[in-house]
Each structure stands twice: as C-alpha cells, then as structure tokens.
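Peer 1: Build out the structure end to end from the sequences listed, making use of the hints.
The residues making up each chain are set out below.
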Amino acid sequence: MKITINQKNLKQAINLTEKVVARNTALPILNNILLKTENGRLKLSATNLEVGITALIGVKIDEVGEVAVPARIFSDFISNITDEKITLTTKNNTLTINSEHYKTQILGFDPKDFPIIPKIKTPVIATIPAKNLKKGLLTVLDSVAVSETRPELAGVFVQIKNNQATLASTDIFRLTETVVPFKNSESVSLILPRNTITELIRISGDLSGELQIKYSDNQVSFSNDDFELVSRVVDGTFPDYKKVIPDKFLSRALIKKEELEKNIRLAGLFSSHISDIKLMCGEQNLKIVAKNSDKGEIETVVPAVLKNDPFEVSLNYHYLLDGLKNMPTDDVIIEFTGAGSPLVIRPSNDHKTVYLIMPLRS
Amino acid sequence: MTNEELWKAVLGEMELTLSRANFITWFKNTSVVARDKGYIVVSVPNGFIKEWLENKFNKKILQSIHNLSPEIREIKYSIGRPKLEFAKQDLSKIILDRELEEKTEIPVDLDIDKLTNLNKRYSFDSYVVGSDNELANAACLAVTKNIGKLYNPLFLFGGVGLGKTHLLQAVGNKVSENKERKVLYVPAERFTANIVEAIRNRTIEDLKNQYARLDLLIIDDIQFIAGKEKTQDIIFSTFNELYGKNKQIILSSDRPPGAIPALEERLRSRFEGGMIADIKPPDFETRLAILKQKLAGKNAELGDDVLVYIATHIQKNVRELEGALNRVVAFSQIYNKVPDVKEVKNILNTYLNAPYRKTSPQSILKAVADFYNISAADLIKRSRKKEIVRPRQIAMFLLRDETKLSFPEIGQKLGGRDHSTVIHACEKIKAESAVNEPLKQELVLIKERVYNSFDK
Chain R
1 MKITINQKNL
11 KQAINLTEKV
21 VARNTALPIL
31 NNILLKTENG
41 RLKLSATNLE
51 VGITALIGVK
61 IDEVGEVAVP
71 ARIFSDFISN
81 ITDEKITLTT
91 KNNTLTINSE
101 HYKTQILGFD
111 PKDFPIIPKI
121 KTPVIATIPA
131 KNLKKGLLTV
141 LDSVAVSETR
151 PELAGVFVQI
161 KNNQATLAST
171 DIFRLTETVV
181 PFKNSESVSL
191 ILPRNTITEL
201 IRISGDLSGE
211 LQIKYSDNQV
221 SFSNDDFELV
231 SRVVDGTFPD
241 YKKVIPDKFL
251 SRALIKKEEL
261 EKNIRLAGLF
271 SSHISDIKLM
281 CGEQNLKIVA
291 KNSDKGEIET
301 VVPAVLKNDP
311 FEVSLNYHYL
321 LDGLKNMPTD
331 DVIIEFTGAG
341 SPLVIRPSND
351 HKTVYLIMPL
361 RS
Chain L
1 MTNEELWKAV
11 LGEMELTLSR
21 ANFITWFKNT
31 SVVARDKGYI
41 VVSVPNGFIK
51 EWLENKFNKK
61 ILQSIHNLSP
71 EIREIKYSIG
81 RPKLEFAKQD
91 LSKIILDREL
101 EEKTEIPVDL
111 DIDKLTNLNK
121 RYSFDSYVVG
131 SDNELANAAC
141 LAVTKNIGKL
151 YNPLFLFGGV
161 GLGKTHLLQA
171 VGNKVSENKE
181 RKVLYVPAER
191 FTANIVEAIR
201 NRTIEDLKNQ
211 YARLDLLIID
221 DIQFIAGKEK
231 TQDIIFSTFN
241 ELYGKNKQII
251 LSSDRPPGAI
261 PALEERLRSR
271 FEGGMIADIK
281 PPDFETRLAI
291 LKQKLAGKNA
301 ELGDDVLVYI
311 ATHIQKNVRE
321 LEGALNRVVA
331 FSQIYNKVPD
341 VKEVKNILNT
351 YLNAPYRKTS
361 PQSILKAVAD
371 FYNISAADLI
381 KRSRKKEIVR
391 PRQIAMFLLR
401 DETKLSFPEI
411 GQKLGGRDHS
421 TVIHACEKIK
431 AESAVNEPLK
441 QELVLIKERV
451 YNSFDK
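Chains as they are written, first to last, in our numbering: chain R, 1 to 362; chain L, 1 to 456.
In case anyone wonders, no lab produced these hints; they're calculated from the structure.
These numbers were taken from a predicted model, which means no experiment stands behind them.
We put the beta carbon where it would ideally sit given N, CA and C, even for glycine.
Be aware that a few hints might be false.
As the list claims (entries may be wrong) - Derived list of chain R stretches under chain L, where covered just means 3 residues or more per stretch with a C-beta under 8 Å from a C-beta of chain L:
| hint | region |
| --- | --- |
| 1 | 41-55 |
| 2 | 214-227 |
| 3 | 291-298 |
Stated by the list, open to error - Cross-link-like lysine-lysine pairs, in silico, DSS-like; alpha carbons within 25 Å at most:
| hint | chain 1 | residue 1 | chain 2 | residue 2 |
| --- | --- | --- | --- | --- |
| 4 | R | Lys248 | L | Lys182 |
| 5 | R | Lys242 | L | Lys59 |
| 6 | R | Lys43 | R | Lys11 |
| 7 | R | Lys214 | R | Lys131 |
| 8 | L | Lys76 | R | Lys214 |
| 9 | R | Lys121 | L | Lys59 |
| 10 | R | Lys243 | L | Lys120 |
| 11 | R | Lys36 | L | Lys280 |
| 12 | L | Lys179 | R | Lys307 |
| 13 | L | Lys179 | R | Lys243 |
| 14 | L | Lys60 | R | Lys119 |
| 15 | R | Lys135 | R | Lys19 |
| 16 | L | Lys114 | R | Lys248 |
| 17 | L | Lys430 | L | Lys280 |
| 18 | L | Lys208 | R | Lys295 |
| 19 | L | Lys59 | R | Lys112 |
| 20 | R | Lys119 | L | Lys76 |
| 21 | L | Lys28 | R | Lys119 |
| 22 | L | Lys60 | R | Lys112 |
| 23 | R | Lys287 | L | Lys208 |
| 24 | R | Lys121 | L | Lys76 |
Stated by the list, open to error - Only some residues are given here: those of chain L computed to face chain R with a beta carbon under 10 Å:
| hint | residue |
| --- | --- |
| 25 | Ala21 |
| 26 | Pro45 |
| 27 | Asn46 |
| 28 | Gly47 |
| 29 | Ile49 |
| 30 | Glu54 |
| 31 | Asn55 |
| 32 | Ile79 |
| 33 | Gly80 |
| 34 | Leu115 |
| 35 | Arg200 |
| 36 | Asn201 |
| 37 | Thr203 |
| 38 | Arg319 |
Peer 2: Here it is as structure tokens:
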C-alpha cells in the first residue's frame, strides 16, 4: 500500500473509529485499526466484536493494500503532528508514515487476522438527521440501567413507526420516554446496547446530514456516505413500560426550570447518604428541604404555580437533576400522582418527552 | 451421530489448531441447530462471528465435518441463541413471565401495599378458626367493625407460626378497604430501624407526627422492643396520642405483656389495659381444616388419610404444617401421582425425626449452678446456707420437670438426699412459681440455658 493523505482528514477519521477499540489482552488484534484501500478511498475499521465502526476518506492511491495498526499509538501520533501532507506505505505489516518533518515506522499486524465487520444487506428502513438522533439519545441516556444483570434494561428501547421513533429507557428507579421524528419505510422495534448509544452520541456530534438505518439478524447499522456503525442489538424483550406512566395526576406545578435546578443542586449539598431531598409544594411556591445529620440542613423556596392540592415527596436529587437537564423548555411541569407512585416531569409545552422518578419511601 | 456430538467433535479439532483466546472468542455459544441432506445449520451469537466463521474457518470446519459425516457438503450460519430453538413452544410463556416480573418490578411488590405495608394475601376468609384461636379471631373481627372503641389496644399473643401475623394483616386489610382510613402495619424491628434513621436525620418529630396521624397502628412482634429505651419512649408517646384520640392500636407478641422482659412498667400496664387474646396451638380438627383449606389453593389432590396423617404428626406449628403439606404436594406434582400414607411417611421423615432433645441431669445442674454463680459441687454438698438451698430446690424441681427422674433418683443425684426432701422442694417451687413472677422468669432463663447448651 502506498497512499498520500491530508492529516486533518485522517485525524477526523481516526477520531470516529478509535473510541470503540477496547483494551483486549486476549485478542490483541482487536486493539488495532484496519487501514485498507477501497474503491479509491481509504477505509478505517475498528471493532470490539459488539460494535464495529468504519470510516472512509478520500486519498491519493499509488498502490492498493491493507494493514492493521495499533490504534492508540497511531492515533496519538497522527493527532500530534502538524504536517499537512502524509504518505503511508506498508511493507511486511509495518506502516511507514512519512511527512515533511517526520519519518516513522509503526509495527502492525497481519490484516488477515482482523475481524470482518458484518455487512447488512437488507434495504434501508429509516433515516434521521444525525443531530436529532443525538438529541433523542442524550435525553434517554441517563436512565439506562448501568448494571448488566438485566440486559434488556441496559439499553434504549427504540420503536420506529409512523415516521417517528419512540425512545425509552429505565433502570427501574426512573424512566424516560421521548419521541423523535424519523422517516421510515418499515416499523421496527429493537434495544440498542448502552455502549452503542454512547458511541452514537459521540459520533453524531461530528457528523452532519442524515443517517440511514438498516436492521436484520440481530444487527443494526447506522450509516452515511462515508461512515458506518454496525452493532448487535440486545437480545430480550423490553418491559411494557407504558403501563408505568400514570395517565392521571393529582396535582401539578409549573416551575422555572433553571431556578429549580439551581435550588435542587444547593439542597443536594445537604442530602444524606441516600441523596434524598424533599419537595413540598404549596399554593405559591415549592419548598425544597434537605437534612443531613453530619452537615446540616437547608430550606429553599422556588415560586411555582400549583393546580389542585399541595403535596410533598422525597426523592433522589441526582435523578431529579438528570431529568430536568434534558427538558428542552424554560418551564417544566411536575406532576404528583399519589404517595408511592412516580413523580412525572414534563416540558411545559410539548408531550414528546416524559420523565418518571420513583419517590423514596419516607 | 447426533448434532451435538458432531459439533463437539468439530470444536475439539478446532481447539487444537487455535489459540485459547481465539477459540473462545469465535466458538463460544455456537451449536448445530439443524441438519438436513447435505448441509448443517450452525447457530452463532452475532454477526461478527458469523462473518468470521464464514470467511475464515469455513474450510477447516467443513473439512473436519466431512471426515466425520461425509454426506455434509455445506455449512450455513445463522445468528441466534442456540437454546432458543429448543424452547420455542414456551416462548409465549417466557414473555408472559417476563411481563409479570416487570409489573412487580416498579411497584416493588404487587402484593404489598407501599403505604400500609400490608400484604393483600392475608384475609379473614383464608384464616381457619378453631377453638384455640376463636377468641383472638372474634376480637379482631370486632375491632374491624368498631375501630378504636371496643378493644383498645388489642394485644394478641401466641407461639411461633400460629397465625398472629395473618390475623393482624387481615385486620389491617379489612380496615384499609375504607380508603379514608390511614393504616400502618409495622414489625417492631422496622419500627426501631425507622427511629434510628430518624434520629440520624433529626426528623424524629416528623416520624412521631406521621404515626400520630394514623387511624390504625399495628405493631407486630412487640417483644423485640424489649430493652430498647428510645423505641419504648416513642411507642409510649405514640400510644398515648393515638389512644387519646380513640384510634385503634393492635399489638402482637410471642408472650403476654407481663412476660416481656425489660419492658417499662408504664408500657406494660398500657398494653394490658385493653383486650388480651391468646392463640394456642391448633387442635387436631383445626389442623385438618387448615390442611384442607391450604390444599384447595394448591391445585393438587391428596387422600383424606394422608391429611389425617400429617395433621396427627405435626402438632405444634401451622407454618410447619404448611411446609409438610408443600413437600407432599411437590412430591405428587413431580412424580405425577397421588401419594399414599406409606409414601407420605417417607417424605415427611426428615420433619418428624428431628433429633429429639433429651436433657441430661448434669446439664441442668450445671445450668442452675452457673445461673446462681455457685459451683455444681455446692449443690451436692450438705450445706444448708440460704444461697445454696434455694438453687438446690430449683435444681430438684427442674430435674423432676424436665428429665422425669423419680424423686429418689433426684435425691441420689444431689448428694444422697431423702426423697421426701425432693418432694417438698418440688412442691414448694411449683407453688411459688405460680404466684412469683421473678421466680417464673428465672426458671425460663435457666431452661433457655439448658437448651442453648444443646445447640452448641
């Protein structure tokens, strides 16, 4: 292989692919990025056998070929050099990188050992602007279960239907649901694993335009012209979470989001080891109270517009902040649905997003 | 050669040619799921592995398969869990189970009401009334009809596994049918834990107010507050508050209020101030009725003679009764037949042949001597000092009571005393223990020591 390439483009392509590379001591080949010339472009691939990412960049090819190079050192090197034009040549699995100021050789691996990233051959089932996907996934990311004890909860449930996608996640203490506009040709529902979501969020920030989605055989792919992410989907059935979302409320309060967040953060300083704070909503305002026998206590007040009866509820303030953070509006609605049943948070003007928190038992 | 054997042979061969890490990465969770003329279908866990096997190992795999069964010329790979194939007919059930599981997941437990702590399973309908728990049952029913006015507090006591908790919860459930009423069921230990938490967070007043707002407070196993002063304090003030407002209080314990050690006098007298009802171990007829009722809910059939056998042999405890029944029912479901008495005897062997604890005279003498802080030899000596005589008499009484030795034998054991001395001692202690509460407790404590020494 002998190619000439722009450093900025290469750096960007490496950025897209390298994060998926995990330190895998059992199979050292997985620590590599595969470089391969393909149809007049250079293809970079990386995988951890759960998620596989490929990125294509335009280069000048003098001689075709391929090589697998350790991702860490390749990436560190390329991002730290300043020369604009780089030539890459390979010989006996060694990659030689030459530019105006540097002459480097990186020891690589046999590209034949590099895993083959599956191709999904079925037609595209949906498309979505990368920005929208990122926003939707960010909203539901916080409530994805961290533990793998129930694999179906360690992912985001995606239901694509009628030109919209409903994204939902829950770790059984809280639940988020949000609706994102999509263009789809087929209805499909699947569970995306947590790692795939964090990758997608990271990557779709760098991408512009639309992503195409394909799905078959337990694999899903997100791609555009010069990028593709292939991932397994979680094998399992997502619980029927709709039943958990209360359809009626006892009381509701309208509150300025920013002020509420600030005060919750303050109250959080005085929460006990279980991160509990208490919200007491009266006619005019919402009182936030926290007590900690080691630190002290706090009481703070936020103006609120209350409908129906006053209420009070204890909950984990981290969960509350996570939920508020993702509300797109300046005002939020907090709905009280009874002692022992979830507290509901919604944006003030749309019904696309809803966030539930199970209260703490007093 | 079955599919599994074939695949095992292939794996064995592949393992030899690959590194351990490679082998595990590519061949874990693979299996042959189907075989037809000329080809087999190999199930693999994901797309990466499918691609790899198809492109890299296909030749090798095919070769080793070909050696074992020459008619196979092609291998197809499919993504999926190997086990799913076998369990297909149960798939709907799995999903149903999962959904059921899930429903209970978010409200923690469907059966247990979060606000009242009551378990909906317990009701008066499922409680079997016999002559031994008639009074308790009637008192509880009366309380549900006339809450706070008739018997306040209601104090239930009885041995382990006789249904105290069932009755308490049944009252709670009945009363909370009226949504206006605030009911709380709390085991004494939880009560203490709540107080500890409240003290830590300095919310003790909130906690008190919370209890004071209730219409019905049920505290289970109240004997556990013994010796916990702060808990007793809170119970005292809560008690007064509720009692003053004619709100109902129900308590349960394994012994009457008078026999709970380290309980403050002011609480004891309050507990005794309402209605005290005891639950005794059920008689034969009641036991049989309980068995029949439990059986009805289990969707299994057993002969009357079997039930009679169980009811005759397990006498002390309703919980054990249910345990024995469960065992028999499980047996009949596993082997799919109705067991006869002989088989039931076998099944329940472990229940019935629990090691019989026989007390020895030595252990009693030692326990008595230890308890009164004298040496066992003192008991046998001829000393007539007051501090020795009384323990000696107690030892005689206990020997008679627990080991059923004859009076002359007891005399012999205690330094060759006359049998009339022993008779006198036994009668004296017996008469005294009936009226003297501290003595009664001493006897209980000594017996505890005797039996605990067995467990070690």
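Peer 1: Gly80 of chain L was flagged as interface toward chain R. Is the shortest Cβ-Cβ separation under 10 Å?
Peer 2: The hint holds - Gly80 of chain L has a Cβ within 10 Å of chain R, the shortest such distance being about 7 Å.
Peer 1: Would the pair Lys121 of chain R and Lys59 of chain L pass a check requiring their Cα atoms to be no farther apart than 25 Å?
Peer 2: OK: Lys121 of chain R and Lys59 of chain L at ~24 Å, within 25 Å.
Peer 1: Does the CB of Asn46 of chain L sit less than 10 Å away from some CB of chain R?
Peer 2: holds (5 Å)
Peer 1: Taking 25 Å as the top limit, are the C-alpha atoms of Lys36 of chain R and Lys280 of chain L close enough?
Peer 2: violated (84 Å)
Peer 1: Would you settle whether the hint for Ile79 of chain L is holds or violated, based on the nearest Cβ-Cβ distance to chain R being less than 10 Å?
Peer 2: Constraint on Ile79 of chain L satisfied, holds at 5 Å.
Peer 1: So if I understand the rule, the pair passes when the alpha-carbon distance is 25 Å or less; does Lys59 of chain L with Lys112 of chain R pass?
Peer 2: holds (15 Å)
Peer 1: Against chain R, run the beta carbon of Leu115 of chain L and see if the smallest gap drops under 10 Å.
Peer 2: holds (5 Å)
Peer 1: Has the given pair, Lys248 of chain R with Lys182 of chain L, been kept, meaning a C-alpha gap of at most 25 Å?
Peer 2: holds (23 Å)
Peer 1: Run the distance test for Lys119 of chain R versus Lys76 of chain L: straight-line Cα separation, threshold 25 Å.
Peer 2: holds (17 Å)
Peer 1: Within the region 41-55 of chain R, is the number of residues with a Cβ closer than 8 Å to a Cβ of chain L three or more?
Peer 2: holds (count 4)
Peer 1: How does the region 291-298 of chain R fare against chain L when you require at least three residues with a CB closer than 8 Å, holds or violated?
Peer 2: holds (count 4)
Peer 1: Was the hint right that Arg200 of chain L lines chain R, CB cutoff 10 Å?
Peer 2: holds (5 Å)
Hint compliance for this structure: hints 5, 11 and 38 are not met, and every other hint is.
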